[in-house]
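There are 2 protein chains.
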Amino acid sequence: MDTMERAIDIQLEDLKKMILLMGGHVEKSLAQVTAALLSRDVDMFSGVHDIEKLINEDHIRVDNACMHVLAKQGPVAKDLRLIISVLKINNDLERMGDQTVNISYSGKDYLGRKPIQQQLSDIQKMSEIAGRMVKGSLDSFVRGDVEQAKKILLMDDEIDALKNKVFQDAMAHMKAHSDDVEAGMDLILIARNLERLGDHATNIAEDVIFAFTGKDVRHGGKFG
Amino acid sequence: MDTMERAIDIQLEDLKKMILLMGGHVEKSLAQVTAALLSRDVDMFSGVHDIEKLINEDHIRVDNACMHVLAKQGPVAKDLRLIISVLKINNDLERMGDQTVNISYSGKDYLGRKPIQQQLSDIQKMSEIAGRMVKGSLDSFVRGDVEQAKKILLMDDEIDALKNKVFQDAMAHMKAHSDDVEAGMDLILIARNLERLGDHATNIAEDVIFAFTGKDVRHGGKFG
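Top line first, the protein sequences correspond to chains A and B. FYI, the numbering for the first sequence is 34 to 257, going by the working numbering. FYI, the numbering for the second sequence is 34 to 257, going by the working numbering.
I should point out that these hints are in silico values taken from the structure, not numbers from a laboratory. There may be inaccurate statements among the hints.
Computed cross-link-like contacts, BS3-like style, restricted to lysine-lysine with a CA-CA straight-line distance of at most 25 Å [claimed, not checked]:
1) A/K208 <-> B/K198
2) A/K49 <-> A/K248
3) B/K208 <-> A/K147
4) B/K50 <-> B/K168
5) B/K198 <-> B/K121
6) B/K208 <-> B/K121
7) A/K86 <-> A/K105
8) B/K49 <-> A/K121
9) B/K158 <-> A/K147
10) A/K61 <-> A/K50
11) B/K183 <-> A/K86
12) A/K208 <-> A/K49
13) B/K105 <-> B/K121
14) B/K147 <-> A/K208
15) B/K198 <-> A/K121
16) B/K208 <-> A/K121
17) B/K111 <-> B/K198
18) B/K147 <-> B/K61
19) A/K121 <-> B/K147
20) A/K111 <-> B/K158
21) A/K147 <-> A/K198
22) B/K183 <-> A/K105
23) B/K168 <-> B/K158
24) A/K121 <-> B/K158
25) A/K121 <-> B/K121
26) B/K184 <-> B/K147
27) A/K168 <-> A/K86
28) A/K50 <-> B/K121
29) A/K105 <-> B/K111
30) A/K121 <-> B/K50
31) B/K121 <-> B/K111
32) B/K86 <-> A/K248
33) B/K158 <-> B/K61
34) A/K168 <-> A/K111
35) A/K168 <-> B/K121
Selected chain A positions facing chain B (Cβ under 10 Å, derived; list incomplete) [as the list claims (entries may be wrong)]:
36) G80
37) H82
38) K86
39) H92
40) I93
A virtual CB, placed ideally from N, CA and C, is assigned to each residue, including glycine.
Could you put the whole structure together from the sequences, leaning on the hints where they help?
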């Protein structure tokens with residue numbers, strides 16, 4: 034390690050590591066609920082609650098670490114932007130954890146009902162894209178890779194299109210099979226939560242662009 | 034004004050004023066979409082987009098103001114907690130603005146369909162509670178009233194119960210009237226967005242408790 038390294042650099046690296054660890058928990062939780070749903074294994078959903086506890090602990094830990102660095106170092110400019118971004122990313126990851134828990138509830142309901150014809154392939158695709166968005170947005174954050182962050186913003190359109198497809202297919206099915214109204218609703222709620230996961234990854238990508246360029250691309254970048 | 038007042042106190046007061054202004058925009062947006070829905074006046078929904086622009090501007094302005102105070106004053110302890118809370122509240126209010134926009138989309142869809150029997154009284158109640166939660170959480174923030182903030186946390190149960198009722202009633206209706214599947218879904222999505230509005234007000238109340246007591250009540254207060 035360069036002996037000229039500033040104390041704050043070490044603390045910022047620690048913050049990044051905490052965010053990566055937390056992001057890993059979110060990815061794991063998403064993978065778990067998706068596997069449970071696709072393999073129709075209700076018992077697998079319970080693992081999500083153990084991961085949620087870890088994510089909630091991460092959430093508090095990251096906030097406290099940010100407060101500590103802000104209070105001790107009084108950072109400015111790029112360092113300050115990075116810490117503000119960590120605070121925001123922390124919030125987004127925590128919400129993502131909540132969304133995987135929501136998926137586990139809807140998924141459990143869904144598996145408890147009479148199986149319906151509707152394919153889960155779109156849900157599977159949505160989960161894959163959401164997973165790549167989480168991983169990609171955090172990679173871009175840790176490496177300060179603004180170009181990678183911009184690619185995440187485009188992936189959000191894919192997941193939105195799939196959500197619309199799931200909504201339409203499920204509603205068509207519900208109209209034709211009134212016994213399956215609840216099951217169709219479960220799929221709609223799952224798709225909605227996956228879409229929201231993508232939205233949060235998009236927020237993270239926007240925060241990365243802000244942290245490393247100082248450019249505010251939120252709300253179309255009109256007010257930055 | 035007390036001449037001994039610190040420069041940071043003036044800046045913190047300015048932050049509070051910005052948050053109140055932004056909260057006023059969110060309240061107005063919620064009132065507008067609710068009135069449009071209940072009076073079946075589709076044209077009223079368009080006003081929401083003008084308010085959303087204001088909320089997005091507020092969002093960027095508050096973030097920038099917080100960054101400025103953090104960089105210039107290097108605040109610690111209670112002052113730092115207050116600014117971190119403003120950053121979080123800012124995020125919640127912006128999401129609430131998005132939720133009112135979502136309600137306007139679902140509301141517009143709903144009014145464009147054949148009217149269904151389902152009462153909107155529960156939606157109206159949910160909107161009223163959500164409005165009181167927004168107002169109350171921001172009041173508690175500006176006045177540093179932790180007791181008031183705690184009351185907001187309880188109101189969230191009311192809004193959740195109403196959401197469950199709207200879900201159940203709408204699904205029962207959809208089962209009995211397959212022509213109304215889309216309309217029922219619109220009501221479900223509106224109820225879901227109102228519930229999310231309540232969740233964000235709850236977040237704000239939790240931030241108020243943290244800012245003024247240093248006590249972290251998130252995630253059951255287990256990790257604070």
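Results for each hint:
For a cut-off of 25 Å, the pair hint linking A/K208 to B/K198 stands: about 21 Å separates their Cα positions. Restraint check: the Cα-Cα separation between A/K49 and A/K248 comes to about 20 Å, which is no more than 25 Å; the hinted pair holds. With a CA separation close to 15 Å, the supplied pair B/K208 and A/K147 stays within the 25 Å bound. Pair hint B/K50 plus B/K168 holds up; C-alpha atoms about 14 Å apart against a cutoff of 25 Å.
For the hint linking B/K198 to B/K121, the alpha-carbon distance of about 30 Å lies beyond 25 Å, and the restraint is violated. Straight-line distance between C-alpha atoms of B/K208 and B/K121 comes to about 41 Å, which puts the hinted pair past the 25 Å bound. Taken as a hint, the A/K86 and A/K105 pair is broken in the structure, with Cα atoms around 29 Å apart against an allowance of 25 Å. Between B/K49 and A/K121, the direct Cα distance comes to roughly 20 Å. Compliance with the 25 Å bound is thereby established for this hinted pair.
The hinted pair formed by B/K158 and A/K147 fails the criterion: a straight-line CA distance of about 34 Å is larger than 25 Å. Distance restraint check for A/K61 and A/K50: the Cα-Cα separation of roughly 17 Å lies within the 25 Å cut-off, and the hinted pair is therefore satisfied. A threshold of 25 Å between alpha carbons decides the hint, and for B/K183 with A/K86 the separation of about 23 Å falls inside it, so the pair holds. For a cut-off of 25 Å, the pair hint linking A/K208 to A/K49 is broken: about 48 Å separates their Cα positions.
With a C-alpha separation of about 20 Å, the suggested pair B/K105 and B/K121 falls inside the 25 Å cut-off, and the hint holds. About 15 Å separates the Cα atoms of B/K147 and A/K208, which keeps this hinted pair within 25 Å; it holds. Between B/K198 and A/K121 the CA atoms are separated by roughly 33 Å; this puts the pair beyond 25 Å, and the hint is violated. Restraint check: the Cα-Cα separation between B/K208 and A/K121 comes to about 42 Å, which exceeds 25 Å; the hinted pair is violated.
As the CA atoms of B/K111 and B/K198 are separated by approximately 41 Å, the hinted pair breaks the 25 Å bound. With a CA separation close to 28 Å, the supplied pair B/K147 and B/K61 exceeds the 25 Å bound. The hinted pair formed by A/K121 and B/K147 fails the criterion: a straight-line CA distance of about 43 Å is larger than 25 Å. Of the pairs offered as hints, the one joining A/K111 and B/K158 is violated, with about 46 Å between alpha carbons and a cut-off of 25 Å exceeded.
Proximity of A/K147 to A/K198 is assessed by CA-CA distance (about 22 Å); at most 25 Å being required, the pair is judged to hold. Our distance criterion of 25 Å between C-alpha atoms is broken by B/K183 and A/K105, whose separation comes to about 31 Å. For the hint pairing B/K168 with B/K158, the CA-to-CA distance comes to about 15 Å; that is within 25 Å, so the pair holds. Of the supplied pair hints, the one linking A/K121 and B/K158 is violated, its CA atoms being roughly 32 Å apart against a limit of 25 Å.
With a CA separation close to 8 Å, the supplied pair A/K121 and B/K121 stays within the 25 Å bound. Distance hint between B/K184 and B/K147 is unfulfilled; the C-alpha atoms sit about 40 Å from each other, more than 25 Å. With a CA separation close to 20 Å, the supplied pair A/K168 and A/K86 stays within the 25 Å bound. Restraint check for A/K50 and B/K121: satisfied, since their Cα atoms lie roughly 22 Å apart, inside the 25 Å limit.
This hinted pair checks out: A/K105 and B/K111 have alpha carbons roughly 14 Å apart, not beyond 25 Å. Under the criterion of a C-alpha separation no larger than 25 Å, the hint pairing A/K121 with B/K50 is consistent with the structure, at around 22 Å. For the proposed pair B/K121 and B/K111, the alpha carbon gap of about 15 Å is at most 25 Å, so the pair holds. With a C-alpha separation of about 19 Å, the suggested pair B/K86 and A/K248 falls inside the 25 Å cut-off, and the hint holds.
Annotation: proposed proximity of B/K158 to B/K61 holds, straight-line Cα distance about 16 Å (limit 25 Å). A threshold of 25 Å between alpha carbons decides the hint, and for A/K168 with A/K111 the separation of about 23 Å falls inside it, so the pair holds. About 24 Å separates the Cα atoms of A/K168 and B/K121, which keeps this hinted pair within 25 Å; it holds. With 10 Å as the threshold, the beta carbon of A/G80 stays out of range of chain B, its nearest partner Cβ sitting at about 18 Å, so the hint is violated.
The interface hint given for A/H82 is violated, since its Cβ lies 13 Å from the closest Cβ of chain B, which is over the 10 Å cut-off. Checking A/K86 against chain B by beta carbon gives a least distance of about 8 Å; that is within 10 Å, so the hint holds. Of the supplied interface hints, the one on A/H92 holds, with its beta-carbon coming within about 7 Å of a beta-carbon of chain B, less than 10 Å. Against a cut-off of 10 Å between C-beta atoms, the interface hint on A/I93 holds, since the closest Cβ of chain B lies about 4 Å away.
Of the hints listed earlier, those the structure fails to meet are numbers 5, 6, 7, 9, 12, 15, 16, 17, 18, 19, 20, 22, 24, 26, 36 and 37, in rising order.
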